[in-house]
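Chemist: Next come the chains, spelled out residue by residue.
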Amino acid sequence: MKAGPLRGKRILVAKPGLDGHDIGAKVIAIALRDAGAEVIYTGLRKTPESIAKIAIEEDVDAVGLSILSGSHRELVRDTIRCLADLHGHNVPLFVGGTIPVEDRPELLSLGVRRIFTSEMKLSDVVDSIVAALR
Amino acid sequence: MSQRSELNAVTDDKDLPPPSEFTASGISLPLVAIATDHAPRGEGEPGRAPYTRGIFADGYRGRLWTMRQYAGFGTAEESNQRYKFLLAQGQTGLSVALDLPTQCGYDPTDSLARPEIGKVGVSLSNLSEMETLFEGIDLGGISTSFTINGTAAIIYAMYVACADKQGVPRRKLTGTIQNDILKEYVARGTWIFPVRPSMRLIADTILYSNDETPRFNPISIAGAHVRDAGATAVEEMAYTLANGLAYVDELISRGGNIEKFAKRLSFFFYVHMDFFEEVCKFRAGRRLWARLLQERYKVTDDKALHFRFGVVCGGSSLTAAQPYNNVVRVAVETMAAVLGGAQSIFTAAFDEASQIPTEFSAQLALRTQQIIAYESGISKSVDPLGGSHLVEFLTDKTEGEILKVLTEIDEHGGVVKAIEDGWLQSRIAERAYERKMSVDERRTIVIGVNAFTGKEEVQSGESFRLDPEIAKRVSSRCEVVKEKRDNDAVARALARLSDAASRDNANLLPYLVDCCHTYATVGEMVAELKKLWGGFKEPIRV
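Going line by line, the protein sequences match chains C and W. The numbering of the first sequence is the numbering used here, which starts it at 1 and goes up by one. The numbering of the second sequence is the numbering used here, which starts it at 1001 and goes up by one.
The reader is advised that the hints may include incorrect statements.
[To be verified] Listed below are the simulated EDC-like cross-link pairs for lysine to aspartate or glutamate, each with C-alpha atoms no more than 16 Å apart in a straight line: (1) C:Lys46 <-> W:Asp1110; (2) W:Lys1084 <-> W:Asp1138; (3) C:Lys121 <-> W:Glu1441; (4) W:Lys1472 <-> C:Glu74; (5) W:Lys1172 <-> W:Asp1138; (6) C:Lys121 <-> W:Glu1434; (7) C:Lys53 <-> C:Asp78; (8) W:Lys1472 <-> W:Glu1077; (9) C:Lys46 <-> W:Glu1538; (10) C:Lys121 <-> C:Asp34; (11) W:Lys1260 <-> W:Asp1249; (12) C:Lys121 <-> W:Asp1440; (13) C:Lys46 <-> C:Glu74.
The set of hints was computed from the structure by calculation and includes no laboratory data. All values derive from a computational prediction rather than experimental measurement.
Using the sequences and the hints, build the whole thing.
Modeler: This is the structure we're talking about:
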């Protein structure tokens, strides 16, 4: 196991919906791994149901959703609902991708811990996750 | 306080590095290029193989590039309105953006589709939607480009059927379908079937189109998405040529005549900000493609050697921060595309990094290339940078670097294998990570992101909102079509498609055109083929 601020943490990086832009998710996965986390990456086209199921079965410490298709409002809402259905209300959820500023308050109010965009430094993203999981 | 300003401190701009000796691809540039840095008179003449200086002797004086703005969202009616607006503004070709369900082969009635309907493009589930999309637009008088891959054969078949309905002879159709599945497995991700049946579908489309719609480009081999995902300019060109050669081999194996089909192969790239590298990428790629076809396939017809390409300016070189800076970036990139000899140009809108462009930003993007075309004068002489020591040096050097990557792919067992086992995908992911770290650590400067960020975040005022009821409208319309059509005819057409797909030597396109005529949906046709071929199993290697 790698040393680092996320040592001992299991994090699910997931691509919900039909969006095929997976580079952001992969880059984040590499950064989280470099920070010591054990990363599970789902691959493309996962339903909110299947993401919640993997999160619970793998007993992860956090879930990160990567969405660049503009469907973040629907997909985040559905994922939160599916997690709750499986008694995963407390699994911290992070969202990354193309999320317009005006949509962010809604996602945060639904319970998303942090929202990340491609222009943030990876080290800031990692620090922010470390702080949220503390 | 916004999320961004919370995480991105205002930068200190006193310690910025001086201009680097390296291009963005890592090629070392001489401080001053001199004659001995490049092959003597290696540039040749425009209009003569290997076409370093361009495929046409008369350059843009003969014909200006096509200005083709990517647009499409929501319903067919809304996109139809936007197309009419763009045509009225002087745009010379249409470029159709399709939503993800259409691209991935799901009908709007599918639960996986619902959150994505109309989001990144227009929903086109069956011929009646396409009839609406082109209502009042003569398909015989316009060139239309579809960014479609996984379902390219189906959308092309639908376009042919739509022309039939309009009474436009098929031979008059001009335009392009992207139809490049290989890069979808590496970046962009709208694959459906496994690699090999997908290759068959692509070859079938090209061979059918060559005969039925001879002025149509049935493939646009695209490096753009791999580039935008993280590949360097050199890798972008190398992967594209490697994919191009893979299609050539597939077409030959399905009985195609290279002297004929090579005339209708076209290419598509991103233009990012390293100006001379971008110009030289196109000069080198154009020359290398002609040489590869001459050397490996003994192609003799001059036109079959032509490397015709379109570009998109913008993409990941644009920033959500300080969005108006993107207007300047796109202008610089457009100049590089013109000096590289592009046949068609799409200029991204400045707000594209964060949303669907508004009419204002879409118009400004089009104006950018109109200003370059009609005011700047750079299109007056052919290849005006040709003969510059630096440009010839960098063209030679880029060609050599592209060849090195091609050799690496060959040594790995070819591009299809490199995709099936995930080798290429991991390479791109690593490259993306390196690029990101380079920006984070300020080895690469991006104004507004890691330099000159300023205290105030200026937001562009207007923003585009999609009608939230679109999904319901589109999916209920799809249900109505399914009720009204002759469902026996649909079932018969789908059965014939399935039968043809089970015979390896049959070309599927006539059957797809027939299916479209019966108003069979994209989802139904895909489901029929999936029964036989299965779906692609994504290799997950991070």
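Chemist: Work down the list of hints and note, for each, if the structure agrees.
Modeler: These are the hints, each one checked on the structure:
For the hint pairing Lys46 of chain C with Asp1110 of chain W, the CA-to-CA distance comes to about 14 Å; that is within 16 Å, so the pair holds. Distance restraint check for Lys1084 of chain W and Asp1138 of chain W: the Cα-Cα separation of roughly 11 Å lies within the 16 Å cut-off, and the hinted pair is therefore satisfied. The suggested pairing of Lys121 of chain C with Glu1441 of chain W holds, with an alpha-carbon distance near 9 Å, which does not exceed 16 Å. With a C-alpha separation of about 14 Å, the suggested pairing of Lys1472 of chain W with Glu74 of chain C holds against the 16 Å cut-off.
Under the criterion of a C-alpha separation no larger than 16 Å, the hint pairing Lys1172 of chain W with Asp1138 of chain W is consistent with the structure, at around 11 Å. Restraint check: the Cα-Cα separation between Lys121 of chain C and Glu1434 of chain W comes to about 13 Å, which is no more than 16 Å; the hinted pair holds. Taken as a hint, the Lys53 of chain C and Asp78 of chain C pair is honoured in the structure, with Cα atoms around 13 Å apart against an allowance of 16 Å. With a CA separation close to 15 Å, the supplied pair Lys1472 of chain W and Glu1077 of chain W stays within the 16 Å bound.
Between the alpha carbons of Lys46 of chain C and Glu1538 of chain W the distance comes to roughly 12 Å, so the proposed pair stays at or under 16 Å and holds. Distance hint between Lys121 of chain C and Asp34 of chain C is fulfilled; the C-alpha atoms sit about 14 Å from each other, no more than 16 Å. Straight-line distance between C-alpha atoms of Lys1260 of chain W and Asp1249 of chain W comes to about 14 Å, which keeps the hinted pair within the 16 Å bound. Distance restraint check for Lys121 of chain C and Asp1440 of chain W: the Cα-Cα separation of roughly 5 Å lies within the 16 Å cut-off, and the hinted pair is therefore satisfied.
At roughly 14 Å between alpha-carbon atoms, Lys46 of chain C and Glu74 of chain C fall within 16 Å of each other, so this suggested pair holds.
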